[in-house]
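Heads up: the sequence lines are chains A and B, in that order.
So the first sequence is numbered by the working numbering: it starts at 1 and just counts up by one.
So the second sequence is numbered by the working numbering: it starts at 1001 and just counts up by one.
Hints are computed from structural coordinates only; laboratory data are not their basis.
Hints are not guaranteed to be accurate.
Stated by the list, open to error - On the chain A side, residues computed to face chain B include the following (Cβ under 8 Å):
#, residue
1, 12
2, 32
3, 122
4, 132
5, 198
6, 298
All C-beta atoms in this analysis are idealised placements derived from N, C-alpha and C, irrespective of residue type, glycine included.
Listed below, chain by chain, are the residues.
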Amino acid sequence: MEKQTTTHSFIVPIGPQHPALKEPSHFRIAVDGEIVTGASVRLGYAHRGIEKATESRTWIQNLYLLERICGICSHIHGMAYCLAVERLAQVDVPARAQAIRVLFAELERIHSHLLWLGVAAHEAGFDTLFMYSWRDRETVMDILEQLSGNRVNYSANVLGGVKFDVDQLCIESILTGIDFLEERTQYYLKVVSTDALFLQRTRGIGTMSRRQAEVLGTVGPTARASGVDRDIRIEAPYAAYNQFPIQLTLDDKGDLEARVLVRLRELFESYRVIRQILSDLPPGDLTVRMPRRIQQGETVLRVEAPRGELFYFVRSNGSDMPERIKVRTPTICNLLSVVKLAVGHQLADVPMILVGIDPCFSCNDRTVIVDRANETSRQWSWKELRQYGSTYYQQRAT
Amino acid sequence: MEAPTISNELRNLFSLVLFPGGCFLILLGLSYEWVDRKLLARFQNRIGPRWFQPLADTLKLLAKEEVVPENVDLRLFVGLPIVALTGALTAGLYVPILGVKTAFSFSGDLIVTLYMLSLLTLCMGLAGANTLDRFSLIGATRTLTQLFSYESPFLLALLGPALFSSNWQISEIAASAGGRWLLLTQPIGFLVAIIALMGKLELPPFDAPEAETEIVAGALTEYSGRGLALFRLGKGVELVVGLTLISVLYLGGIADPLTFLIKTMALLFIIVVLQALLTRLRIDQTVGLWWRYGALLVLLQWFVIILL
């Protein structure tokens, strides 16, 4: 995907290899002195063909593959897939399993938002905040490790339930950890809203009006910072969010400061829900039997990942493998706003604006051909793609 | 000037190459760089480097191949790091490193020292402008922009004590202050001097010229191996010389190695705390800060000195 707003001028390339980006992506920033006059984005450096690969794996194998779409929000991908497949199979998952899924999802949100706070501080050149927030993030990583044995890919979901139970010992350590993190988050909230120099880098930078946010199709905290009152956990509660409702976190300023504040305030909501889940954890089984073949049908499922709306489309033809799985990650919705917002700002603000959407590139790389002249678009077939790949590299070799 | 005898020549050579200039100054620069890095790391809840890490980095860089990019002026590319380090080392000859009497001194050496201290930044700007790399070019622009913003406040701040004692020779200024701490009578000048030193060394929050998240390594992006090592050594030396200069002028002079260590380390401590506390300024914010506040405040200080 490439959006052209670049004209012929001095172009600063950011990426695919650049210290500001931890993942490959290419931004061409046209500058006049320090002022950005145009920006374009090129994706596709980490295209892994996961959607295609799911079609040749069984429903169970796919769970492990889809969990690895994103390194940070691994649980939410597995959970979205499980929820979709369970809906197709018309299986009711025990209430305890759903609650534990939400528990994992909220712990993951805490770890993702704290990680983001550190990255944002680093881009702004405030490394002390970066180091502190990552140190405190270890608390939630330890909790996740204690629960599941893993720090990153927890693999908590199975089709029809969850693998791990929460015992009394876990509950106590989670509560202690959450208490500590709540106190620290309060402190960070104070830092980011009072530190004069940090505010100089965030206040009034990359301001996106509510209208712009809607037109550009942004999702998640990025949209909520511009006053768009959308959160899938509230709009269409899934898993156990009906029993443990979430309060909407909104800000209407739309600048980077608002994006920082929305993410930090969301953390308090996560802490509250985690406490609530732990105190009224429903009793019962963890799993329910799932058929090996999923009956024919298709479904769409939306969940709220830490970065925003995550969209899953799953179609089954009645066999033990899916016919089509389509994933749309939040970053692809938010990315265009960067290209739009960067124009007119200083070059120094571009990394901040980019990080403001909490980008996650490997999740969103895909191939769609858009013919701008004829205004048509089409998907490539696997065969065409392979053919293109081999001729491209043959030509390069000669 | 004494007559050039053999023993005099040898003594001059000794102070140029071994102590207090040359090798000793370079090693001192590396140790101060270590203190800076270690303290900053401890403030940021990190472990920090081992004591020999700056030396190890330098030796490693010196041993590496120097990649010369296409389309650069080779003489400039090779020569600039050498000039930069030489400038910093020369500046070190006129300040009382470790509290010993300076090897070379003449009336007006303060101006020469200040000029030599700027040489490093100037060389870095030229080195960035010499290559075709976009990050280097933007880095060079920012380096030079920053140079123009902090240079005059720095100059004015360090000339405050000189004005006070009506002398332009570093040792004479220290002597006429007679151990009094000018920090107490000229607090603004002191503050501006120490913050400008951070700008000179491109330390956070004035590291916009080498902001890695925007322009990789700024002006020095294309440098590797020997050239990079020399620039880094130059920065270490400049750190020591700058700290010494401010201690001499504002903290009541330096009489012996102990006071040298205490005073310069105290200043370094202040610098590290500021580095840990502050967020990087954009280049326009840096310029605004210096011209709107720094320069005006120093001028105010000058008026007070002149009127009194």
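Each hint tested on the structure:
Restraint check, residue 12 of chain A versus chain B: the minimum CB separation of about 5 Å is within 8 Å; hint holds. This hint is violated: residue 32 of chain A has a C-beta 12 Å from the nearest C-beta of chain B, more than the 8 Å allowed. For residue 122 of chain A, the interface hint holds, the least distance from its beta-carbon to any beta-carbon of chain B being 7 Å, beneath 8 Å. The closest approach between the C-beta of residue 132 of chain A and any C-beta of chain B is roughly 6 Å, which is under the 8 Å cut-off, so the hint is satisfied.
A cut of 8 Å between beta carbons decides the hint on residue 198 of chain A: the least distance to chain B is about 5 Å, and the hint holds. The criterion of a C-beta within 8 Å of any C-beta in chain B is not met by residue 298 of chain A, whose closest approach is roughly 43 Å, and the hint is violated.
Hints 2, 6, counting from the list given before, are not met by this structure.
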